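Enquirer: Following the hints, put chain B in place on chain A, whose structure we already have.
Protein chains: 2
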Amino acid sequence: MAIFDEELRALKERVLKLGSMVETAIHDSVRSLVERDSDLAREVIRKDHQINALDVEIDEECTRLIALRQPKARDLRFITTAMKITTDLERIGDLAENVAERAIELNEESQLKPYIDIPRMAEIAQEMVRDSLDAFVKGYTKMPYEIIKRDDEVDKLNVQVFNELLFYMIQDPNTISRAARISYVSKYLERIADHATNIAEMVIYMCKGKMIRHTEIQGNE
Amino acid sequence: MAIFDEELRALKERVLKLGSMVETAIHDSVRSLVERDSDLAREVIRKDHQINALDVEIDEECTRLIALRQPKARDLRFITTAMKITTDLERIGDLAENVAERAIELNEESQLKPYIDIPRMAEIAQEMVRDSLDAFVKGYTKMPYEIIKRDDEVDKLNVQVFNELLFYMIQDPNTISRAARISYVSKYLERIADHATNIAEMVIYMCKGKMIRHTEIQGNE
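Quick note, the sequences are listed as chains A and B, same order. Sequential numbering from 28 applies to the first sequence in our numbering. Sequential numbering from 28 applies to the second sequence in our numbering.
Treat the hints with care, as some may be off.
Unchecked claim - Coverage of chain B stretches by chain A, computed from C-beta distances (three or more under 8 Å per stretch; other residues unrestricted):
1. 109 to 120
2. 183 to 196
3. 199 to 209
If you're looking for bench data, these hints aren't it; they were derived computationally from the structure. In this text, all values refer to a predicted model and were calculated from it rather than measured experimentally. Every residue, glycine too, gets a C-beta built ideally from N, C-alpha and C.
Only chain A is shown next, with the shape it has when bound in the complex:
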């Protein structure tokens, strides 16, 4: 089984690689907004194809491992969780691409306001992705609960951003299109944090098994 152990190790590394690509996408998409760097935004959009390709590769590798090695119990659950996690990572990549698209549009107009909460949201979301993958590869069971809690912080920031933008829109209807775009960016980041939360939930499920998902997590809120 030494070959299979090596294959599982390689699978973990690929998932972490995908995670790090996705983290970079989040970071760069928000940086392209804050620093008004549309070239960087276009790079994020271009690189999304690599994220998609790696997601498909990992999926194929998981299917191959299941078919060839016929893993049982823990290993099987690890592989099926990897398949699900990469789907979430790929969707986070799409959302970072959406942030970059809005950044390009916003960079074409004068800046409505300095960005403070949005980089903070991106930072938390990025940490959540990193920690949830860390918990996945190391099999941590406590850490995911901490990650799920941080999702509330991102939700609160999203509401705060939205309320602030409403204030701008009401004061001056000329700000509406820009404010709406910024509110979309905030919403994308909030959804990225949701996906990281989903990953954390799946890691808890993987570690603890049956019937923990949904129920116990709800009880912990």
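Expert: Positioned in the frame of chain A, the structure of chain B alone reads:
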């Protein structure tokens, strides 16, 4: 392999059962808003636990089938797709629950405007869920492309709803909290359609195999 065929058939039925529960949740959550029926909204929220439980059950059954029957190629891909699809269905259930939560809040205040686009969005989203699951169990390859196209319609309605609500908010700041809640409902429905789109993409991938996902679908847009 007659037993395995029977198990696969039972799995299909359970996925369809979950789909039909989720469809009902979408329908009822929007009806609870339109008909200002908070009791119905509370029923949607209560029933979400059943959706979560069935999601976990299907996941367990898929893992059991993989471990016990060691399926290959087509059957294995069908089972792993079922695992992913149910994750999307469960999240649609959560979003319907969110619609019901906003409905309860909105039903406590006077009605801002008649709901026209929102029931339309719910109807399309519901059809998308139904058709994508139909394609999944029957192995259709053309239909998913049609489903993906309908997502654009929902996106457009969401933008239309948002613009209309902005108009209300600008005219009269007293409408802001209600308008914001309605815009959330619209956004939840838009995300439900996104999940249905994801299911359709996974069905195409399941049927056609390697490297179709993301790339071909993007080319078809």
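Enquirer: Take the hints in turn and mark each one as holding or not.
Expert: Each hint tested on the structure:
{"no.": "1", "hint": "109 to 120", "verdict": "holds (count 5)"}
{"no.": "2", "hint": "183 to 196", "verdict": "holds (count 3)"}
{"no.": "3", "hint": "199 to 209", "verdict": "holds (count 3)"}
Every hint, counting from the list given before, is met by this structure.
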